[in-house]
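Using the sequences provided together with the hints, build the complete structure.
Residue numbers (numbering that gives the first Met the number 0), protein chains in the order written: chain H, 0 to 280; chain G, 0 to 678.
Careful: at least some of the hints might be erroneous.
Stated by the list, open to error - Here are a few chain G residues that face chain H, going by a calculated C-beta distance under 8 Å:
id : residue
1  : Ala124
2  : Glu243
3  : Glu244
4  : Thr245
5  : His271
6  : Ser276
7  : Ala278
8  : Val279
9  : Arg287
10 : Val289
11 : Leu290
12 : Lys291
13 : Gln294
14 : Glu444
It should be emphasised that the hints constitute simulated quantities derived from the structure, not laboratory data. What you are looking at is a predicted structure, and each value in this text was computed from that prediction instead of being measured. The beta carbon of each residue, even a glycine, is placed where N, CA and C say it ideally should be.
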Amino acid sequence: MPELARIISALNQFANFFGRALANAVAPLPGWLSATVIGVLTGVVMLVGYKYTSNQRAIKRVRDQMKANMLSLKLFKDNMRSVFGSQLGLVGGAGKLLLHSLLPMVVMFIPITLAMTQLSLWYQMRPLQVGETAVVSLQLRDDTPTPLPAVKLDGGDFAEIVTGPVRIDSTKEVTWEIVARTTGLHELQFDVNGELVTKSLSIGDRYLRVSLLRPTLKSWVDVVLNPAEQPFAVDSAVQSIAITYPERDSWTSGTDNWVIYWLVVSMAAAFALKSVFNVNL
Amino acid sequence: MNRPRATTNRRRFLQGSTLAGAAGLTGLSGCSYWSGSNSRVSRAAGKKVIIIGIDGMDPRLCSQMMSEGLLPNMAKLRATGGFSELGTSVPPQSPVAWANFINGNGPGTHGIFDFIHRHPHEQCAPFYSAAETVPGEGAWEVGDYQLQLDFWPFNHKPSETVLRRQGVPFWDYLDASGIPTTFYDLPSNYPPSPSQYGHHRCICGMGTPDMAGSYGTYQYFAENGPPQPIDEGGGRRTRIKFDEETGQGELIGPENGLLKVAKPMTIPFKVHRDLQSNAVAIDLPTQRLVLKPGQWSPWIRLNFEMTTPAFLPDKEVSGICRILVQEVAPIFRMYVSPINVDPRAAVVQLSEPESFIGDVANHLGPFYTTGFKEDHKARTNGVFNDDEFVRQATNVMEERLALFDYAVQDYEDGLLFFYFSSSDLQSHMFWWNSDKPHPIRSTTEAQKWHGYIRRLYQRLDQVVGDIYDRYGSQATIIVMSDHGFSEFGRQFNLNSWLRWYGYLGPPECTSLFKDVDWSQTAAYGLGINGLYINLKGRERDGIIEPGEQKEALIQELIFGLTQLQDEDGRQVVRNVYRSDQVYSGDATELAPDLIVGYARGYRASWATCLGDLTDDVLLDNDQAWSADHCADALEVPGILFSNRKITDAQPSLVDLAPSILKEFGLKTPATMSGKVVLG
Ligand SMILES: [Zn+2]
Chain H
0 MPELARIISA
10 LNQFANFFGR
20 ALANAVAPLP
30 GWLSATVIGV
40 LTGVVMLVGY
50 KYTSNQRAIK
60 RVRDQMKANM
70 LSLKLFKDNM
80 RSVFGSQLGL
90 VGGAGKLLLH
100 SLLPMVVMFI
110 PITLAMTQLS
120 LWYQMRPLQV
130 GETAVVSLQL
140 RDDTPTPLPA
150 VKLDGGDFAE
160 IVTGPVRIDS
170 TKEVTWEIVA
180 RTTGLHELQF
190 DVNGELVTKS
200 LSIGDRYLRV
210 SLLRPTLKSW
220 VDVVLNPAEQ
230 PFAVDSAVQS
240 IAITYPERDS
250 WTSGTDNWVI
260 YWLVVSMAAA
270 FALKSVFNVN
280 L
Chain G
0 MNRPRATTNR
10 RRFLQGSTLA
20 GAAGLTGLSG
30 CSYWSGSNSR
40 VSRAAGKKVI
50 IIGIDGMDPR
60 LCSQMMSEGL
70 LPNMAKLRAT
80 GGFSELGTSV
90 PPQSPVAWAN
100 FINGNGPGTH
110 GIFDFIHRHP
120 HEQCAPFYSA
130 AETVPGEGAW
140 EVGDYQLQLD
150 FWPFNHKPSE
160 TVLRRQGVPF
170 WDYLDASGIP
180 TTFYDLPSNY
190 PPSPSQYGHH
200 RCICGMGTPD
210 MAGSYGTYQY
220 FAENGPPQPI
230 DEGGGRRTRI
240 KFDEETGQGE
250 LIGPENGLLK
260 VAKPMTIPFK
270 VHRDLQSNAV
280 AIDLPTQRLV
290 LKPGQWSPWI
300 RLNFEMTTPA
310 FLPDKEVSGI
320 CRILVQEVAP
330 IFRMYVSPIN
340 VDPRAAVVQL
350 SEPESFIGDV
360 ANHLGPFYTT
370 GFKEDHKART
380 NGVFNDDEFV
390 RQATNVMEER
400 LALFDYAVQD
410 YEDGLLFFYF
420 SSSDLQSHMF
430 WWNSDKPHPI
440 RSTTEAQKWH
450 GYIRRLYQRL
460 DQVVGDIYDR
470 YGSQATIIVM
480 SDHGFSEFGR
490 QFNLNSWLRW
500 YGYLGPPECT
510 SLFKDVDWSQ
520 TAAYGLGING
530 LYINLKGRER
540 DGIIEPGEQK
550 EALIQELIFG
560 LTQLQDEDGR
570 QVVRNVYRSD
580 QVYSGDATEL
590 APDLIVGYAR
600 GYRASWATCL
610 GDLTDDVLLD
620 NDQAWSADHC
630 ADALEVPGIL
640 FSNRKITDAQ
650 PSLVDLAPSI
660 LKEFGLKTPA
670 TMSGKVVLG
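Right under this line is the structure:
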């Protein structure tokens with residue numbers, strides 16, 4: 000679905016703008032602190048978003064009703080019928096709350112997803128350190144004739160080819176091992192029969208946006224998950240370029256863990272601040 | 000998690016390896032110990048004792064190189080304190096020698112007499128001496144699985160690997176006195192002995208198994224490999240076929256011990272090669288490697304899926320390995336290191352306390368955890384050439400040096416022990432300090448490689464210098480080895496010799512485990528130096544009466560062996576020791592009756608160690624393993640350097656423990672036979 004991928008890509012460009020700005024702002028902070036700050040900010044944004052996309056008055060009404068049911072449960076606990084009625088009322092109330100939160104969830108799904116994929120550039124993997132190696136894999140189109148064409152990789156003065164290219168006819172891939180030489184956010188250059196393409200490469204000790212894959216418009220999922228770089232056109236000779244990066248080791252801002260930490264902190268912040276922003280959840 | 004390979008037959012067990020062997024017996028079930036109080040407040044009061052244990056470092060070569068000015072740091076130690084030969088154990092095999100060091104007493108107290116022991120009541124059933132896996136009892140059978148549940152109402156007894164070393168290790172006394180001790184890669188201590196007071200830390204060394212439960216099983220994939228995979232003592236050789244430059248195979252992992260019929264877990268891989276660029280891409284389920292000939296992969300993590308009965312979630316077991324592509328074309332060849340236990344997530348206890356090794360690995364990244372790190376089996380079996388073996392051994396050395404750096408930085412006071420294996424396993428391959436022709440190399444080649452050993456000594460001398468520079472007069476520094484080295488040009492088949500003189504029958508017998516007739520056998524050899532009388536009442540099928548008959552036989556054997564001459568008139572056996580004279584203590588039950596001490600240049604033959612007989616009694620050694628130390632203890636003493644005065648003319652391994660205790664103000668305990676030798 001290239002059309003969908005194109006739309007997502009456009010959204011990504013928009014998100015990248017904020018992502019980069021935010022990245023620059025929090026880059027000097029230690030991981031746990033930036034993850035916490037971003038979690039709290041996300042909680043606030045979600046809260047405000049919820050406030051304006053949900054029917055706050057209706058929610059308040061349901062909440063009040065539920066409170067009444069709770070009260071009657073306590074007051075009339077010897078009256079079976081009344082207790083049963085209150086319990087039903089509570090279940091119904093919970094259902095209504097869920098219904099009322101559907102619209103906000105739908106509306107916020109997209110920004111949350113965009114935020115999440117932006118943050119993944121940040122926390123999921125870490126940049127290469129100077130001297131570390133990585134595997135670069137370039138995927139050619141399915142209909143590329145074999146033997147595969149010569150693909151040239153130019154790492155400038157920031158990356159050196161250790162091994163390769165290894166051309167894999169069966170999967171139409173070309174792959175290398177490279178070693179990082181100088182820090183920075185660089186662009187690897189590939190020459191495929193005269194067609195020049197690039198792929199970002201992050202090297203350094205500090206936080207940098209790390210793009211694992213430059214995707215193709217043919218896969219909207221890949222485009223969602225890899226927002227940093229412009230996707231390859233459907234008819235491009237190159238379909239994707241992937242680089243392996245080391246995992247980041249941290250409970251708050253490391254590989255995989257960051258998602259949990261981010262969700263927990265943003266939820267906690269939203270609950271803690273709901274009265275400040277006068278929001279009914 | 001894993002059970003002992005109860006099905007491992009004796010034959011395979013023995014073929015598995017000669018000196019090493021292993022924990023084929025060792026299940027992977029971790030056994031945790033009560034680690035006692037964890038208050039690690041040092042009462043060493045700043046007192047520092049640092050020991051560098053250099054396995055196999057030879058005093059003659061050290062002296063020679065010091066006089067040539069090539070070991071300046073050791074020479075400095077000698078000048079400040081002293082240098083001496085260090086009496087080794089009888090027999091001078093590493094597990095025995097290090098256990099002597101640990102107990103401050105001889106084999107009679109620790110019960111380790113050879114790499115290989117035998118169960119007398121099972122008539123010569125062999126097992127590895129340092130650790131044993133005791134099979135579990137009871138299991139709940141579900142379909143193809145059997146589960147051992149150690150809780151009520153099942154109360155099954157899971158199998159357990161136990162350290163067979165007996166007696167009291169010297170650090171127990173320090174532990175009890177609140178003095179911290181840290182050991183990096185201590186041999187003869189797997190599984191690690193527990194620290195009762197929490198002041199002792201140790202990473203297990205020699206004797207630690209790989210994920211296969213062996214002392215190290217590499218996997219070798221080659222286009223010219225055998226049609227069916229073969230196990231070749233220490234490794235597995237497999238053919239890999241390429242179809243349009245893509246080949247595939249599987250890495251064999253540990254056995255799934257939950258299955259009734261244990262089956263190894265495997266990980267599939269594909270190799271894609273590019274002939275033009277002479278490189279390959281290796282695709283593992285979670286990772287791609289791009290390698291060219293001679294390039295080592297970093298440590299890679301292998302996650303094995305362990306299937307379980309349907310009602311339990313499947314488990315993942317992970318190990319680590321490194322891969323070397325040796326040739327891309329025309330004959331693709333690839334070596335996969337033994338799959339080591341991952342120190343960051345160890346599936347068995349590799350250290351005391353259990354978390355210690357993980358803490359170290361979190362700082363340093365993964366490293367070799369098997370006891371034998373240098374893959375001598377790959378060299379012996381021709382998977383490695385000399386250069387490849389050296390490269391692999393250098394990888395080990397580099398890891399060790401990084402670990403050493405960590406160890407020194409992490410050290411405050413108390414005792415620090417650091418072990419280097421490089422000098423032993425590389426000397427076995429490259430040592431040749433003799434004019435005699437080398438078993439497999441030309442004289443120039445032999446000299447070249449012996450030069451390599453000299454350079455290795457120089458590298459280790461720098462380590463000594465590093466410690467001296469950092470601690471100089473603030474610490475007691477001890478540099479020691481467990482034994483020295485000797486050429487190994489001729490091999491002696493003890494069992495064939497016994498057969499020749501009619502002590503072992505029938506005359507056409509070829510193996511202790513196949514066609515020996517115990518009713519015609521008065522004595523047999525097993526392991527590298529052990530000679531056992533087939534004694535009535537002790538051995539299941541014993542025929543020799545204790546008392547006079549045994550005594551007479553012992554006299555005959557000692558006489559015969561010490562009279563033995565090679566074709567050129569050289570004496571083959573320098574000494575034969577009676578265990579009832581050289582061993583004392585509570586742990587002598589499994590001791591051989593006689594210990595054969597070979598003269599320089601000789602050793603027990605490869606075949607006889609495993610109970611096999613050959614036509615000839617004396618043969619040339621034809622292996623790359625061309626130097627050894629399993630000779631007479633007097634031939635191969637170790638080294639002792641210290642910045643303290645050495646007060647005894649003939650210090651021995653058992654004297655170090657009392658000397659160390661004295662440094663910390665402790666008296667020599669009654670469990671030790673050694674004496675204080677440092678002033
Ligand atoms: Zn050795």
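Cross-check of the supplied hints:
1. Because the closest C-beta pair between G:Ala124 and chain H is about 47 Å apart, greater than 8 Å, the hint is violated.
2. Checking G:Glu243 against chain H: minimum C-beta separation of about 6 Å stays under 8 Å; hint holds.
3. Among the interface hints, the one on G:Glu244 holds; its C-beta lies about 7 Å from the nearest C-beta in chain H, closer than the 8 Å criterion.
4. Hint status for G:Thr245 relative to chain H: holds, with the closest Cβ pair at about 5 Å, below 8 Å.
5. At a threshold of 8 Å, the smallest CB-CB gap from G:His271 to chain H is about 4 Å, leaving the interface hint in force.
6. About 6 Å separates the beta-carbon of G:Ser276 from the nearest beta-carbon of chain H, less than 8 Å, and the hint is met.
7. The criterion of a C-beta within 8 Å of any C-beta in chain H is met by G:Ala278, whose closest approach is roughly 5 Å, and the hint holds.
8. Interface restraint check: G:Val279 against chain H, minimum CB-CB distance 6 Å, threshold 8 Å, status holds.
9. Given the 8 Å rule on beta carbons, the hint for G:Arg287 holds: about 5 Å separates it from the nearest Cβ of chain H.
10. This hint holds: G:Val289 has a C-beta 4 Å from the nearest C-beta of chain H, less than the 8 Å allowed.
11. Because the smallest distance between the Cβ of G:Leu290 and any Cβ of chain H comes to about 6 Å, under 8 Å, the interface hint for this residue holds.
12. Using the Cβ-Cβ criterion of 8 Å, the hint placing G:Lys291 at the interface with chain H is satisfied: the shortest such distance is roughly 5 Å.
13. A least Cβ separation of about 6 Å between G:Gln294 and chain H falls short of the 8 Å threshold, and the interface hint therefore holds.
14. The interface hint given for G:Glu444 is violated, since its Cβ lies 31 Å from the closest Cβ of chain H, which is over the 8 Å cut-off.
Against the hints set out earlier in the document, violations occur for numbers 1 and 14.
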